[in-house]
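With the hints as your guide, set chains B and C onto chain A.
Protein chains in written order, with the working numbering: chain A, 381 to 1155; chain B, 90 to 254; chain C, 35 to 324.
A few of these clues could be false.
Straight-line C-alpha distance at most 27 Å; calculated DSSO-like pairs for lysine-lysine [what the hints assert, rightly or not]:
| hint | chain 1 | residue 1 | chain 2 | residue 2 |
| --- | --- | --- | --- | --- |
| 1 | A | Lys864 | A | Lys981 |
| 2 | C | Lys143 | C | Lys122 |
| 3 | A | Lys1082 | C | Lys143 |
| 4 | B | Lys109 | A | Lys521 |
The set of hints was computed from the structure by calculation and includes no laboratory data.
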Amino acid sequence: MPSTILGKRIKRKEDPRLIQGRGHYVDDIKLDGMLHMAFARSIHAHARIKSVNVAAARSSPGVVDVITGEEIKGKLGLVPCAAGIEGLKVPDHPCLATGKVCYVGEPIAAVVATDRYLARDAADKIEVDYEPLPVVTDPEKALQAGSTVIHPELGDNVAFVARLEGGDWKAVESDSSLKVIKQRLINQRLAPASMETRGVVAHYSPGEETLTVWSSTQIPHILKTQLALMLGIDEPHCRVIAPEVGGGFGSKLNLYGEEGVACYASRKLGKPVKWIESRRENLLATVHGRDQINDVEVYVQPDGKVVGLKCWIIADLGAYHQLLTPAIPTLTALMILGCYHIKNVFVETKGVFTNKMATDAYRGAGRPEATYVIERVMDMVARELNMDAADLRMKNFPSPDEFPLDLPTGVTYDTANYQKTLKRLLKISGYSRLRKEQEKLRKQGKYLGLGLSTYVEICAMGPSSRMPAGGWEFGAVKVEPTGKVMVLSGTSPHGQGEETTFAQIAADVLGIPFDDVTVYHGDTFQVPMGIGTFGSRTTAVGGTAIHNAAMQIRKKMARIASHKLGVKPGELIFSEGKIHTRDGAKSMGFAEVAAEAIFAKQLPEGIEPGLAAHSFFEPSNYTFPFGAHLAVTEVDAETGEIKLRNYYAVDDCGRVINPMLVDGQIHGGLAQGIGQALWESHVYDENGQLMTGTLMDYAVPKAHQFPWFETETMETKTPINPLGAKGVGEAGTIGSTPAIVNAVVDALRPLGVRHLDMPLQPEKVWRILKQHATA
Amino acid sequence: MGNDRLSQAPCRNILKGTVKFEGSHTIPVPREIAWRELMNPQTLARALPGCEKFEANPAGGFDVVLKIGIASLKGVYQGHVEIQEPNPPQSYRMKVEGKGTGGFLKGEGVLSLMESAGNTTINYSGDAQVGGPIAGIGQRLVQAAARQIIQQFFQSLANVIQGSR
Amino acid sequence: MIPEPFEYHIPKNLEEASRLLAQFGGEGKILAGGHSLVPMMKLRLAAPKHLIDLGRLTDLKYIRESDGRIEIGALTTHFQIQSSSLLKEKCPLLPETAREIGDVQVRNKGTIGGSLAHSDPAADWPAAILALAGEIQARNVSSSRWIPASEFFVDLLTTALGGDEVLTAIRVPVAPPRSGHAYLKLHHPASGYAMVGVAAQVLLNEARHIESASVGVTGVGPKAYRATAVEEALRGKAPSRQNLEAAAAHAAEGIDVNSDLYASAEYRSHLAQVYTRRALEKALERAHGK
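Here chain A stands alone, though its shape is the one from the complex (with noise of 0.2 Å):
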C-alpha cells in the first residue's frame, strides 16, 4: 500500500514557533542567581605568555571570579580529540592557555561576573604580557626544515600522515599511451558562521552534584561524555541539554574549551554560568573549514577514460585538534574518485599545524573538498582531449547494474544511477542549446560558460567500526494511554527540520495522524543515548532507528488488537488511526488498543503490559547520495565581476520523505557552496592576524546575491536501511563548488585559462581580461 504521509510536502512542525520568536535558544535559559563569563583571548598568533595580570579585572564592578589557565592546570581536562589515525600527534590543548599561545584569538583568561556587559568590561582589563614568537601560517612553510615549530614537544608540525593506495600503479605508470594531467587546486579556508553562536550556561547544583549543561551543539550525549570526562564528574550525574539550535553545519560536532571552562567556573561558585560567544569570537574561534592545498595527477586513456589518479593533500589544521580535527581530510582521500570508475588511486594526507584557529568539520566535511578536486580534473580532461565535459563524465561512470561498487579507496557505493540523474540535468537545462548559445556570444565576444559537477558523497555515519564513537543511532516510540505518540530520537536536529520527517516515518507506521506524533531530542536525560546530527546521518540512520522502535509498536498493538478482535495479527492493517481487517469488518481505534495495552486488563498471554520501544540501528555500510549539477555565469569583460545566470541541480538522495525539506536542504546547500566558489575566504594575515574578523569582512553569503534554483529531485534508494533514504544535509555545498568554478573557467576558456583559484572575486579574473587584451 502505498503511504500516505511518507513522500508528502508538510510543513514543518518547529516553524511555527521559530518563526513567531518563540522557541528557546540557549541564551534564552535563565537560571535564578546566573552569573556570565567573558573571555580574554590572545591578541598574538603566536608567543610566550610572560605574566597574566587579572587584577585590574578582579576589582572590577561586577566580577566575581576570574579563572586562568594556571587555574584550571590539573583541575579541568583538556580539550579532546576523538581522531583515530595511525600515528597522529596530539598536543596538548588546554581549554585556558598556559605558558603560550598559539593562534589570535586563543581563550588566555575567564572572567565571571554579575552581568554580561560587566563581564566583557572586566575581560579587556586583563593584562597579558607577551614574548612574541616566530609565526607560521602557510602550512608549506610549516613543512620546510628549519620553520618554526609551534609544539616543539612533538618534534616537527606534521600532525600526521596518511596514505591509502589501490590498484596496479606499476602497469599505469609504463603504460606511455596514456595522458598525464597535473593541476594545484586550493580549498580555502571558510568560517561555518552559523546564525546563532555557540552558547553555554553550566548550572552546577552542589547538593545533588549534578551538573546540567546547555549548549548548543549537534552532539548533546557525546559533549556529556567528554564534559564528564573533563571534569571528573560521574557520567549519570551529567546531563547535557541541546535547546534550539540555530544551525551548526559542522562547528557544533565539538567540545571547545569555553565549555569546560564554564562548566568548572559554575562548580567552583555553586551557581549557574551563562556564556554567549558574540559574532567575533565566533569567528575567531569556532572551528574554521576546508583549507587544503591539493596537488593532483590524473592519468586518462586517449579515449577519455580515466585510469588513474593521485593526489598529494596539504591540510592546514591550525594550531591544536578539536574533536574530529585531522580526520576531516581522510575524508577527502576516501571520495577522491568521485562517482567514477577509475581502477588506481593514490593519495597522501599531510596534516599541517599552523598559527591560525583549528580546522574541523564544516558542511560536508572533506568531501566538498574531494568533489572540487575529482570535478576540476574532470574538466581539465575534458578540455584536453577536447571533449566535452558531459561525455567525458559519461564515458566513466560506472554502469548501475555494477553496484554495490567496490572502489580501491575501500569503500563500496552502495547504489547509483549517475547517467540517469545527468541526462535528466542535461534536458532540464536544455544543455546543448545554451552551448550554441554559447557560441554564439564568444563570436561576440561575450563569456558565457557552463559548468557541471556530478557528485556522489558519502553519508549516513556510519557503520560504528568506521566512526570514532559509535555510529548506531537511538529511536524510541512511546505511545500514551490517549493514543498520542512521543517519539525520541538520539540525534540533535539543529535546524533541519526532522521533529517534522520523524514525525512522518512514525505516523506512517503506525498510521496515525501527523498531527498525533511529538517528537524529542536533544536532552541526555529524556533521550538515554544518542550520538547526534551530522554526516547527514540523521534521517537515514536516526530515522531508521524511529522506523524500527514503530515497527515494534506496531507488532505488539496488531497481537493485542488481534486478540480483542479474534482474527491474526497478519490480517490487520493500521490506518487512519484504526487497526481494523482490510475488509474494514472489525476495527479498533488506535487509542482504544494503546489503551489496552496500558491498562492491562486482558492481554494475550505472553504479552508485556506498556507501550514503549527502542531500536539501535547500526547501519551495515555508509550511503552513497549523488547528483549532477549544472551552473550558467557570464563575465563582466570589462570589470570581470561574475553572474550566476542559472543553476540546476538534479539530486538523488534516496527515498525522500519530505520534499519540501529536502528542496530546503538543497537550496541552503547550494548557497553555501557557491559561496565558497565566489565570494568566501576566511583570511590571515602573513603575521597571523585574522583579517576578515566581522561580517563586514567574510562575505557570507545572501539570498538576493542568487538566481532561483531549478531543482529536482530523484530516488534510487539504498539497501542500507529499510526507508531508502540515503541524506541529504551536504549534498548542496559538496556538488555547487565545483560546478561555479567549471562555469567561470569555462567562460574564460577562449583566453586559454585553464584554472582559477576560489574565491573567484572579479579582480582575480579582470586581471585575466587584462592580461590578455595586452597580449
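Below, chains B and C alone, put in the same frame as chain A:
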C-alpha cells in the same frame, strides 16, 4: 596560471600584515631647526594627535600615551617610541610600539630631511603592523585612518614649529 | 560585540538635543538610525560617553517640495526615500541610490542624516548628494546654516559639522527637463558597502549635447568626492562613447585610492572609470528619453 597561493589575491601586500606608508611634507623652516624640533619631546607631544604623554624613559626612548581619534573612532594606546640611527640633521629611524584595547600596533619608519630655499622637506617611509581586534574588524577603515593620522601629525608639526618661532 | 559603557539621552526636541551635544563636547554623539554608529560601538572602535538619541524627533522625518527644491528631514529612512513617489518624479537619483543601500533591515532603520553625518568612505548617500550639488542643514542651539555638499565631506569620517551642530535636513534641486540620472554600484560582497559607487546627474542642451554633468564617487578614496575632471571633460560635448570613455578615465584622478582584500587600488581605479562611464551612459539614455 594559478599555482602560487597568493598570486591571484587582489592585494598581496595586505596579506603581509603590514600597512605601508610613505610621503613627504614641507615645512617652512631651515633643516637645523626642523631637526631640533623633530628631536624635541615637547614639540612631538604637541604635534602628535591626541598625545597625552610623551616622556623620556631611562632606556633612552620615550613613554607615550596617545588618544587616537578620528571622528567617532577612538582608542587609547600606550607604548614607547625609540629614536635610532640619528644622523643630524639628515635622518633618523623611529620605532613605535603601543597597545590598547583595540589591540597592538608596531611601526618603524625612516625620516629624512632635505633643505631647499629655507624650507625643509621631510620624507618618511615605513610600515606598521596592527594586531588583535583592530586587525580583524577595522580592515575597511584602519589603513585610511592611519594615513590620516600621519597627515595630521605633519600638519600640526609644521604649525607647532612655526608657532614656536 | 558589547559596547563600552555610555549614558543614553532621549531629548524631546531639537533644542534639547543641541544643548546636550554642546554640553558633552567631544564625548557626545548623535544616534539616528544607528546603522553606522552602533556597529562601530559594538566593535569598540567607537566609544562615545554619551549617546543622544533623536528617535523622538519625528518632525525630522519628512520629504517635501518647496521653491523648486526638495527638502528631506534628517531622520527620513532610506526606505522612505526609496519608496517616495514625490522623489521618483522630482529627484529620481535619490530613490535609485536608496535602493542600493545595505539590505531591507538597514533601509528600514538607517537614516539619510545619520549616514551623511557619519560619512563612511564607502556609504552611498555622499555620492548622490555630491552629484546633485545638494546642501546639508546644520543647527546648533543658536543658529542654523546650509553647508554645500562640496564642502561637507572633509576627510575620512570627518564632516564640516561643528562639534555642537546637529544635521537636520538635506535639500537638493528638482531635476530639470532634459536631465537624467543614474547610481551604479559594485557591492562589497560582505558589507554591502560600495567597492565603487558612482552617482551621475546629466543635463542636455537643446542640441542634445551635454550641458553639464556632475559625478559623485564613493568607495574609492578616504571620502566621497566630485569627479570634477570628468565633469569638465564632458561640458558641451556630444554624448558619444569615445567622449564618455575619455572623460571617465579621470574618475579616480588625484585620489588616494583604497585597497583591501577584495580590490586593490589599481583595480578600484579601473572600476571607478568603468562605473563612471556606465553611470553616465545610463543617465544620458534617460535624459534623451525625456
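Against the structure, the hints come out as follows:
With a C-alpha separation of about 20 Å, the suggested pair A/Lys864 and A/Lys981 falls inside the 27 Å cut-off, and the hint holds. Proximity of C/Lys143 to C/Lys122 is assessed by CA-CA distance (about 20 Å); at most 27 Å being required, the pair is judged to hold. For the given pair, A/Lys1082 sits about 19 Å from C/Lys143 by alpha-carbon distance, which is consistent with the 27 Å threshold. Taken as a hint, the B/Lys109 and A/Lys521 pair is honoured in the structure, with Cα atoms around 24 Å apart against an allowance of 27 Å.
The structure meets every hint from the earlier list without exception.
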